[in-house]
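These protein sequence lines map, in sequence, to chains A and B.
The opening residue of the first sequence carries number 427 in our numbering; numbering runs sequentially from there.
The opening residue of the second sequence carries number 8 in our numbering; numbering runs sequentially from there.
Please keep in mind that the hints were generated in silico from the structure rather than gathered at the bench.
Any given hint could be a false lead.
When the alpha-carbon atoms are kept at most 20 Å apart in a straight line, the in silico SDA-like pairs for lysine to any residue are as follows [claimed, not checked]: (1) A:K443 with B:P249; (2) A:K443 with B:P61; (3) B:K53 with A:D493; (4) B:K191 with A:D493.
Ranges between beta-carbon positions, derived for each pair [unchecked claim]: (5) A:Y436 with B:Y208: 21 to 31 Å; (6) A:R433 with B:G240: 40 to 50 Å; (7) B:I201 with A:N490: 36 to 46 Å; (8) B:K562 with A:P504: 47 to 57 Å; (9) B:P299 with A:M498: 53 to 63 Å; (10) A:E489 with B:R137: 41 to 51 Å; (11) A:L460 with B:F30: 16 to 26 Å; (12) B:K191 with A:E489: 40 to 50 Å.
Computed from a prediction, not measured in an experiment: that's the story for all the values here.
All C-beta atoms, glycine included, are put in the ideal place defined by N, C-alpha and C.
So you can see what is in the structure, the chains are spelled out below.
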Amino acid sequence: MWRALKRWIYLADEFYKAPYRSAIAREKRDQEDLFMLLVFSELMGVPNPASYYTLELQPILLENFHDWHTRMGMEKSPLDNFRCC
Amino acid sequence: MVSMNAIYLVVTGVVFVSLGYIFYSKFIAEKIYRLDPNFETPAHTKRDNVDYVPTDRVVLWGHHFTTVAGAAPIIGPAIAVIWGWLPAFIWVVLGTIFFAGVHDFGALWASVRNEGNSIGSLTGEVISVRARNLFMIIIFLLLLMVNAVFAVSISNALVATPSSVIPTWSAIAVAVVIGVLIYKMHVPLIWPTIVGTVVLYAVIWVGDQVPVTLPETFMGLSAGPQWILILFGYAAVASLLPVWLLLQPRDYINGIQLFIGLGLLYAAVLLANPDVMAPAYNLDAKVIGAPPMVPLLFVTIACGAISGFHGLVASGTTSKQLDKEPDARFVGYLGSLGEGLLAIATIVVVTAGLGSSEEWRAVYSEFGVHGIDTFTRGGANIVASGLGLPVEFAATLLTVMAVLFAGTTMDSGVRIQRMIIQEWGTFYKLPVLQNHYLATLFAVGSCLVLAFGAGGTDGQGGMLIWPLFGTTNQLLAGITLLVISIILVKLKRPHKYTLYPMIFVTAMSFLSALYQLRGLYEDGAWALLFFDLLIIVAAIMVMLEGFSAFNREKKNAV
């Protein structure tokens, strides 16, 4: 009985989320891409007044760096002094 | 005249389509598409948790079914029973088993076997790039017509049943509240679901007590066109809002409505036990000005028998989420079966719920004016006698249900149209088209031209556009079936199970398009005439290229 109820709740939950999962994930990814651009902007010659803070974030976001630059249509890392691939 | 009990009709329909699922879809799955449980689907090979996500098959079926089910399986049969209930019934049952099921299932399978690509891209791959570009134009026209036709039918329904105005618009507020509760406040889904559904039905009661009508004329426009303008204004705003705020919760509550409504209708028919009062074959159809049944029946009932729109959904989003290849049968074939059941329910409602044989003839005295309001009139009588609800309340309930379906399709339709326009803007490097707001304006503007061009200015005759919508939809289905057939030929497998339905559907659509061309010319409906011509030319070109690709592959396969 409890298992059946849990299954129904799971189905309803997925029924709510599944159709728009991709739209929301895409929106989230777009926001994250913009954030990446802000964090790495100084390295590309774009002045960033908040670089004192964003510099600290660079090592944390390094993991996503490769995905980001390939998604942005750049096969290799766009930064001269920043090795990626 | 001997009348027939509606329960026989329902049971026959349900039994036949169920047998179709059990036997025919199994045959197709094993012998033609040859589904392989070990095949790694794109949801796994290309998993990115954005578009490609392996999803539980029941969830995926629910998603697929509610996306493809709109007001179309209600409006089509409601118009088509003018030729009598038997032709409509036979076409829905056979169409669901041998056409729609194979088509939806096939589009899903073809996409899964080709890295989750949409039918549009598959057309480019298996036919030619030119065919793909033409295919995109046909899709755009189809969306245009979907939005226009649904705006006209919603406005007709809101005018015909003023008690549905408050609940219809309140549903938007309910959806927004659910969206905020879930997305921003992380409330577990079950509570907003229960409270939202209860509130929605309570508002239906309020609407029943407080009917709302728009002024008879406002700036020279009657109530129908006023609603059309309001609806497109709303659709434009809705398509620009974040999806979590409105579209997502709205789709969800509408999905629940769909299941409740379908259950309610079938339960009411079983309890009310009405007789079908419409003739099996209406000999007077020609006298009252209905066009010839062949070919028009086969485009008037599109969704519910076969619909190209389903192929777009199956290959667009569903295929990217399919966990295992054998699930394609459950999701694709059963999804079309759900639509068939809605169409069968509609046929019963509009042939058994409108009173005596004479009363039915009085309602069906003209072609192309029926739709949601005819369905709700018939349905209300059956629900009232079957479930003991007051007729007015039942009418409001069913109108709200149908209007919400049509409304959701419109929201998403305008949104997809806007995205296509933006894509064109990127492709052809036109920044004007890439702008969110301008693209929405173009999308809504083109729909308005069509809605008013179709005779919407006087609020009457807007449904003339319906057969044209059906024609476009069926041509799209024909192209999809042709693409599937070519893929089957390439794989050296039997292709007649997809090719024969394709030939039939395409032939009927062409004949209808040509027939309508004459009618539109005589009526001086130039906007529609232009669209009709555009569709005919685009479809002929795609088909010619398709057949040449088919023959090429056939020669290669020998």
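Fill in: 20 Å limit on alpha-carbon distance, applied to hinted pair K443 of chain A and P249 of chain B
Holds, at about 14 Å.
Worksheet entry | 16 to 26 Å as the expected CB spacing between F30 of chain B and L460 of chain A, which holds or is violated | violated (54 Å)
Worksheet entry | Verdict for K191 of chain B, E489 of chain A (Cβ pair) under range 40 to 50 Å | Taking Cβ atoms as reference, K191 of chain B and E489 of chain A lie about 29 Å apart, which means the hint is violated.
Worksheet item: Cβ-Cβ distance between I201 of chain B and N490 of chain A: within 36 to 46 Å?
Response: holds (40 Å)
Worksheet entry | 40 to 50 Å as the expected CB spacing between G240 of chain B and R433 of chain A, which holds or is violated | Given range 40 to 50 Å: holds, Cβ gap about 41 Å.
Discussion item. Between the alpha carbons of K53 of chain B and D493 of chain A, is the straight-line distance 20 Å or under?
Written reply: Given that 20 Å is the threshold and the Cα spacing comes to 14 Å, the pair holds.
Discussion item. Verify the CB-CB distance for K562 of chain B and P504 of chain A against the hinted window 47 to 57 Å.
Written reply: The hint (47 to 57 Å, Cβ to Cβ) holds, given that K562 of chain B and P504 of chain A are roughly 49 Å apart.
Discussion item. Hint check: K191 of chain B vs D493 of chain A, CA-CA at most 20 Å. Holds or violated?
Written reply: Violated. K191 of chain B to D493 of chain A sits at ~28 Å, over the 20 Å cutoff.
Discussion item. Assuming the hint says 53 to 63 Å, is it satisfied by the Cβ distance from P299 of chain B to M498 of chain A or not?
Written reply: holds (57 Å)
Fill in: Satisfaction of the hinted span 41 to 51 Å by the C-beta atoms belonging to E489 of chain A and R137 of chain B
holds (43 Å)
Worksheet item: Given the proposed pairing of K443 of chain A with P61 of chain B, does the C-alpha separation stay at or below 20 Å?
Response: holds (13 Å)
Item to complete: Could you tell me whether the CB distance from Y436 of chain A to Y208 of chain B stays inside 21 to 31 Å?
Response: holds (25 Å)
The structure is inconsistent with the numbered hints 4, 11 and 12, although it conforms to all the rest.
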